[in-house]
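*Asks:* Sequence order for the protein chains is A and B. All residue numbers for the first sequence refer to UniProt numbering, where the first residue is 1 and numbers rise by one. All residue numbers for the second sequence refer to UniProt numbering, where the first residue is 1 and numbers rise by one.
A couple of the hints might just be wrong.
One copy or two, it doesn't matter: identical chains are merged, so the pair holds either way.
Stated by the list, open to error - Think about it this way: if two alpha-carbon atoms lie no more than 30 Å apart in a straight line, the pair counts; the simulated BS3-like pairs of lysine-lysine are: (1) LYS325 to LYS83; (2) LYS121 to LYS331; (3) LYS190 to LYS121; (4) LYS175 to LYS420; (5) LYS3 to LYS173; (6) LYS3 to LYS325; (7) LYS40 to LYS83; (8) LYS3 to LYS331; (9) LYS175 to LYS3; (10) LYS3 to LYS190; (11) LYS325 to LYS84; (12) LYS213 to LYS121; (13) LYS264 to LYS325; (14) LYS420 to LYS173; (15) LYS3 to LYS389.
FYI, nobody ran anything at the bench for these hints, they're computed from the structure.
Number of protein chains: 2
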Amino acid sequence: MTKTDIAARVFNHTFKLDPIIRSLIDTDFYKLLMLQMIWKLHPDVDVTFSVINRTKTVRLADEIDEGELRAQLDFARTLRLTKKEMIWLAGNTFYGRAQIFEPEFLAWLSTYQLPEYELVKRDGQYELTFHGRWKDTTMWEIPALAIINELRSRAAMRNLGFFTLDVLYARAKAKMWAKVERLRELPRLKISDFGTRRRHSFLWQRWCVEALKEGIGPAFTGTSNVLLAMDSDLEAVGTNAHELPMVAAALANNDDELRAAPYKILRDWNKLYGGNLLIVLPDAFGTAAFLRGAPDWVADWTGFRPDSAPPIEGGEKIVRWWQEKGRDPRKKLLIFSDGLDVDAIVDTYRHFDGRVRMSFGWGTNLTNDFAGCAPSEIAGLKPISIVCKVTEANGRPAVKLSDNPEKATGDPAEVERYLKFFGQEDRVAQPVRV
Amino acid sequence: MTKTDIAARVFNHTFKLDPIIRSLIDTDFYKLLMLQMIWKLHPDVDVTFSVINRTKTVRLADEIDEGELRAQLDFARTLRLTKKEMIWLAGNTFYGRAQIFEPEFLAWLSTYQLPEYELVKRDGQYELTFHGRWKDTTMWEIPALAIINELRSRAAMRNLGFFTLDVLYARAKAKMWAKVERLRELPRLKISDFGTRRRHSFLWQRWCVEALKEGIGPAFTGTSNVLLAMDSDLEAVGTNAHELPMVAAALANNDDELRAAPYKILRDWNKLYGGNLLIVLPDAFGTAAFLRGAPDWVADWTGFRPDSAPPIEGGEKIVRWWQEKGRDPRKKLLIFSDGLDVDAIVDTYRHFDGRVRMSFGWGTNLTNDFAGCAPSEIAGLKPISIVCKVTEANGRPAVKLSDNPEKATGDPAEVERYLKFFGQEDRVAQPVRV
């Protein structure tokens, strides 16, 4: 005779909302580092963030119920930092540095809540935008993406029976573990989880992170997810993102300011953070233009994160630049994070091993790879390429060029103007899968 | 770190319908015994069954969603007897008798499905009726009631948090076990579960039945629920119900037939069943009238089930009648089943112990007693007095008088006619709680 926990069963079957985001630190660590800089240096800048589904063939508004989406976004807006979270942020060491967050910043953060959102359905897509102070809206990026991606998974699994689900996750676990076994073959591997935004679900990301912790041990250098870092005693990792140069460029009043924008934010960053946090993200307006115009001190930074060129090609360009600048690449760090899966990780590792320090930020293919796991293929389980980008700053358009034209965002006329200004050498279209 | 079975959790949180009735034998055993008789002797009689909520203050249509009610009723209509159930019904011994069900009847039953229903909302109540052949509609009584009662419990618990639910069931279990401990003090107790129709939920009834099995051992003589009897290796108990004399009376063409109706169905019953199944339910048109008009052979039956008079008073009248008829009450059986709880069981047991054989059919207060269990009282968890009665036979009104005017059902004018015909001696109104 089956014994049933009746209370647990009634709870499971009468629940109303299963919140996707249950904590404000269920976000990427770089958001907190950037937030402190924005709060300190740009408290009065207004920006607009916009969710952009680059996989147009997937009609999100047909897959995800608007009521459920609003309920999840509304729930996220009720969250505040908890006492435990505040104590951990204040007391933990990040990148070897104690008290990385100023007390005044933490005091402000302790009352922070996610601001309002605007949601409109158009042509089978959702237009989800966040208007307001940069320091308020910036924190929507990760929860907005995680909510949309998990709602999509849930919708895709809504009609699956118990055994189908059981097999689905069993296969996903087996698939993930096979990746772990391949990664074990790389003796000096350093890899971390960057998969929060496009994860299949929070619980699945947690499983993957814990599997890596157990499976590859010290080669697993941390997770970008602050909540998982806290709960699993892992390093919280990540530095900065495109929104910094994008806003700086949008606010530039003339050509000189526009040309200086990408380096100005690096100087600002350096004032706040140092050491391992000095990682350059060079591709906002094209890596070639960035390297060509970069002051010498940029070569003193710890490393680069090439984020849109093929990893070996993009990495080689940066290694060459370091050499030209007279720096020893073996003391420098390359962080690869663009659409990686195990094959690319292994190839890139073998290519650069011994020539440069490197680490990998593993995203969507870590936390949302269910291809071949469902008994019959379910389209809704295939990850989409969706981002949440700053599209306006103080009323002016903000754009990103990227090394891959497919990853460019913003007003097309403005993209054109930037392309003329920064040039488009080495820009090659690559298919964007995730 | 909590370990979560992701597949189980996704299943729990994406499920669509949690069916209340999952088996056609999740019903009272007496329905099957009566069904065989109806199928054999009255295959062409048309009847209407109607669900009647006697607790008018509870507006069921406000508490229960119509879509959910229809989904549950529709699901029940998809059920058929399973192979295992058929084999068990054919092979099991009931009341010490093998092959109580004829092969022809089982062959017919194997294709049986619940017939259509009519559902209308009126004045905050549901009018739920079943029209058609008696042999088809009669089987709706128990699932219809169980569905309404469990949907009401679910609605009442919909907004409870996990700990509230955990405490609710913990208290209900503690309360139930305190009853078990009191019942243990009665050395010759015979008691069975009659609580299917008004149960809080299927899972809770199963818990109560298993608790009694473990808690009072051989004093627990079985359950009226055929599915639980099969699954827990218990005796399936129950004999016949008011619908038999009610239909017989409705079909009577003249006063003589009406007067003979309650005894005629006993003769028919005797042709089909014997021994311990010869239990008289005397109160359909008043126990006093029944006893006054009863032929002598009725006193040879095994026992009586007084169902609407206070147990001690009602039992004494039957004991006296046996004595007048020259029968020894110590060889006779009284089955008490009307709104019993532990106090009434203990009092009745102590009153009759040694003077007459007796057993108890414990219903609503066994399977739906949550008073004082919720952290703050929840009205929707208080059981209501709801029945599903035959209201028409071949187009003629069917009524029940009962010994308690509060339990009378049917067209008021027809009730009046029956009262004049059968008399109303000893009819005393008692509050009907369940």
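*Asks:* So, for every hint listed, does it hold in this structure?
*Replies:* Hints and how they fare:
no.	hint	in the structure
1	LYS325 to LYS83	neither (47 Å within a copy, 81 Å between copies)
2	LYS121 to LYS331	neither (50 Å within a copy, 78 Å between copies)
3	LYS190 to LYS121	neither (42 Å within a copy, 66 Å between copies)
4	LYS175 to LYS420	neither (45 Å within a copy, 80 Å between copies)
5	LYS3 to LYS173	both (28 Å within a copy, 14 Å between copies)
6	LYS3 to LYS325	neither (70 Å within a copy, 50 Å between copies)
7	LYS40 to LYS83	within (23 Å within a copy, 73 Å between copies)
8	LYS3 to LYS331	neither (60 Å within a copy, 40 Å between copies)
9	LYS175 to LYS3	between (32 Å within a copy, 19 Å between copies)
10	LYS3 to LYS190	between (46 Å within a copy, 26 Å between copies)
11	LYS325 to LYS84	neither (46 Å within a copy, 81 Å between copies)
12	LYS213 to LYS121	neither (40 Å within a copy, 58 Å between copies)
13	LYS264 to LYS325	within (20 Å within a copy, 110 Å between copies)
14	LYS420 to LYS173	neither (47 Å within a copy, 76 Å between copies)
15	LYS3 to LYS389	neither (50 Å within a copy, 34 Å between copies)
Hints 1, 2, 3, 4, 6, 8, 11, 12, 14 and 15 from the list above are not met by this structure, while the remaining hints are.
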